[in-house]
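Numbered per the numbering used here, the sequence shown spans residues 392 to 1061.
If you are wondering where the hints come from, they were derived from the structure by calculation, not from laboratory data.
There could be a bad hint or two in this list.
[Unchecked claim] Label pairs and their in silico Cβ distance ranges:
1) E689 - L1006: 55 to 63 Å
2) E524 - L455: 14 to 22 Å
3) S495 - N1033: 33 to 41 Å
4) L405 - P523: 45 to 53 Å
5) S619 - L405: 18 to 26 Å
[As the list claims (entries may be wrong)] Here are the simulated lysine-lysine pairs, DSSO-like style, with alpha carbons at most 27 Å apart:
6) K588 - K903
7) K704 - K974
8) K1022 - K721
9) K974 - K945
10) K724 - K704
11) K903 - K769
12) K721 - K945
13) K974 - K724
14) K588 - K985
15) K588 - K721
16) K721 - K769
17) K1022 - K903
18) K704 - K588
19) K974 - K588
20) K769 - K588
21) K985 - K974
22) K974 - K1022
23) K724 - K945
24) K769 - K1022
25) K974 - K903
26) K769 - K704
27) K704 - K721
28) K903 - K945
29) K985 - K945
30) K724 - K903
Computed from a prediction, not measured in an experiment: that's the story for all the values here.
Beta carbons are placed, not taken as given, at the ideal position from N, Cα and C, and that holds for glycine.
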Amino acid sequence: MLGESLTDADGGTLVSSSDVFILGFFSPDNTSTNRYVGIWYHPNVSVTQDVVWVANRRRPISGLGGSIALSQSGDLTVLDGASNLVWSAGASGGSNATLQLMISGNLVISGATAGDVMMWQSFDHPTDTFLPEMQVGLNATTGEPRLFTSWASPHDPAPGNYSMGIDPQGSAQIFIWEDIGGARVRRWRSGEWNGHKFIGTVMRTLNIYGFAYNAESRYFSYTPHNASLLRFVLRSDGVEQTWMQSPATRRWSTVWEQPTDECEVYGTCGAYGSCSLDGEQRPRCDCLFGFQPRSVEEWDAGNWTGGCVRRSKLACNNTSNSTGPDGFWKVEKMKLPAHAVWSSNSADEADCRDACSEDCSCLAYAFSVSDISCLVWKNDLVDIYQSTIFDYDLNIKLAASELGDKDRSTKRVALISSMSALASLLILCVCGFLFWKYNARQKDALKMQTKKENLVTCTRLSGTGNLASDFSSSILYGNEKQEGKGSDLSLFTFDTIQTATNYFCESNKLGKGGFGYVYKGMLPGGQEVAVKRLSRSSGQGLEEFKTEVILISKLQHRNLVRLLGYCIQGHEKILIYEYLPNKSLDAILFDPLKRDALDWDRRFIIIEGIARGLLYLHRDSRLRIVHRDLKASNILLDENMNPKISDFGMARMFGGNENQFNTNHVVGTL
């Protein structure tokens, strides 16, 4: 009430109902003489003094002479030991004003009776902590932002260099900004709000979130799912954390934070640059397909902020362009770029694609029928992060020449010219037929010899006295022909594989196995494939490589991965498999966010499929196979989550009547 005060010397405090929050004086490190007025959790709910709001964060009081009081005009004031005004709320509550600390942690000035108008509340003036029922937003009429501002350091409540709030330009997403030389620079963004989550981050289901849009205000708020206390804190280093309290221990633990790596920092790779993490969780930038570095020198030096530029201009509606109409290149598992625009007239992906195709200003689109509907981009594509934690595909508009139309047209012209030339030389070809046939036979013999030399015969393994297997080139090139059963494998050139994977682009990397990296690729006919490139420094040599080629080419079962072809050129040893979009079982099974997708019915189907595959290997196939390296990372999942056993580099074959063999090497997974 008016005239009453709380003094620091007397330990004066104001406590909320249910003893959840306390208003009083504190020192951040409990040793400094600097005193602040703040709100923190009551010892009944927290063993630590976690401050959630500070009044005089710019002007601390020296010593214990401070006081808190309601002035005669109904304003909340903080005075020092000499009764000098240190801070005021700027409210005019009148002579009947009262001060109340709510159970939510909101400090409120209102009238003396219930139902009186609220004159002022601390929730409208947050510091670094976002509590349930708070509103992160801005006034749609005045444009006044309601920002959370970090502390200057863990022990200094003064405003720091980082702030957080919703996009003042009107998009439904949250930003973290860094103050650099007085300018507010974007550091992180959540991605657009789609009605139940932010599409640019993986959020824990600890809260009920909501965005409100109306004529008077735009704001974001949340409510906990259960009785546990929660709070978001913007740390002094610009990291936003979610803290959850354990009622049993009254202690807090971090359950979520952003950004967690350099790829989540806004614009790390500049325009049209895609960020991904290498095996050591270091950021790596790659230009999107169809783009090249703006400055090759800076890009090679690791300065990626300059971004990338198009290699080929878009044709748009220029019908005179001989290369054909523009098309789209799809990139999977993306944090969608900034500056998205909702397209409300698209019922399906075809409509979304057409809308972007017909709009010369549209540079990309994304579509999800149950999630984002249709999003289009009309500005440079910035802040792109490719990772398996994201669920969205980005379709980038490219010139026809980048998508192969120009190459196909050139090939057609070259083919017609070649046919004309061949027709004019027909008589000479007929006359030289016998000579050509002789040379062809010599070349075939030389080619077969070269392949046999590349696939050097492996040492025979002794077991029960018979041969466990003869891993020789004749299995690939001799016996199969004699049996009249070719392996139906394609021998790809290294140039073909480079083109299919965009020169082993980092953004196409699917993962790292025991013997090298696996990339996603697209063959000239449009077929998606997984490309396993064996590392020169890996432990897998020609023996394991041949084993994998030989075994998988002979095995046909729905629970075994299908090998499409291989490539041997110099030191390069490459296997080309069918592409399985859900990747390996371990990536889902051991991910705390993805494992919920595997209910027990689905797990049983996966277990049954693995068992069927093993039964085929051990008993039902025409070869008897021991895998020797069966583990969750070697179980791949197709689009329907059906399992397929992969990685036969350590496998061994038995003879038809054998049931054991010896080995000189300890390999595999126990």
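Checked hints:
1. E689 - L1006: 55 to 63 Å: Once the Cβ atoms are compared, 57 Å apart, the range 55 to 63 Å for L1006 and E689 holds.
2. E524 - L455: 14 to 22 Å: violated, 33 Å
3. S495 - N1033: 33 to 41 Å: violated, 49 Å
4. L405 - P523: 45 to 53 Å: violated, 20 Å
5. S619 - L405: 18 to 26 Å: holds, 25 Å
6. K588 - K903: violated, 31 Å
7. K704 - K974: violated, 35 Å
8. K1022 - K721: violated, 31 Å
9. K974 - K945: With a Cα-Cα distance of about 23 Å, the restraint between K974 and K945 holds, given a limit of 27 Å.
10. K724 - K704: holds, 26 Å
11. K903 - K769: violated, 35 Å
12. K721 - K945: violated, 33 Å
13. K974 - K724: Given pair K974, K724 holds - Cα atoms ~12 Å apart, limit 27 Å.
14. K588 - K985: holds, 16 Å
15. K588 - K721: Status holds; Cα separation ~23 Å.
16. K721 - K769: Answer holds: K721 to K769 is near 17 Å, not above 27 Å.
17. K1022 - K903: holds, 15 Å
18. K704 - K588: violated, 36 Å
19. K974 - K588: holds, 25 Å
20. K769 - K588: holds, 23 Å
21. K985 - K974: holds, 13 Å
22. K974 - K1022: holds, 14 Å
23. K724 - K945: violated, 33 Å
24. K769 - K1022: violated, 45 Å
25. K974 - K903: holds, 12 Å
26. K769 - K704: holds, 15 Å
27. K704 - K721: holds, 18 Å
28. K903 - K945: holds, 25 Å
29. K985 - K945: violated, 34 Å
30. K724 - K903: Distance of about 17 Å is within 27 Å: holds.
In summary, the numbered hints that this structure violates are 2, 3, 4, 6, 7, 8, 11, 12, 18, 23, 24 and 29.
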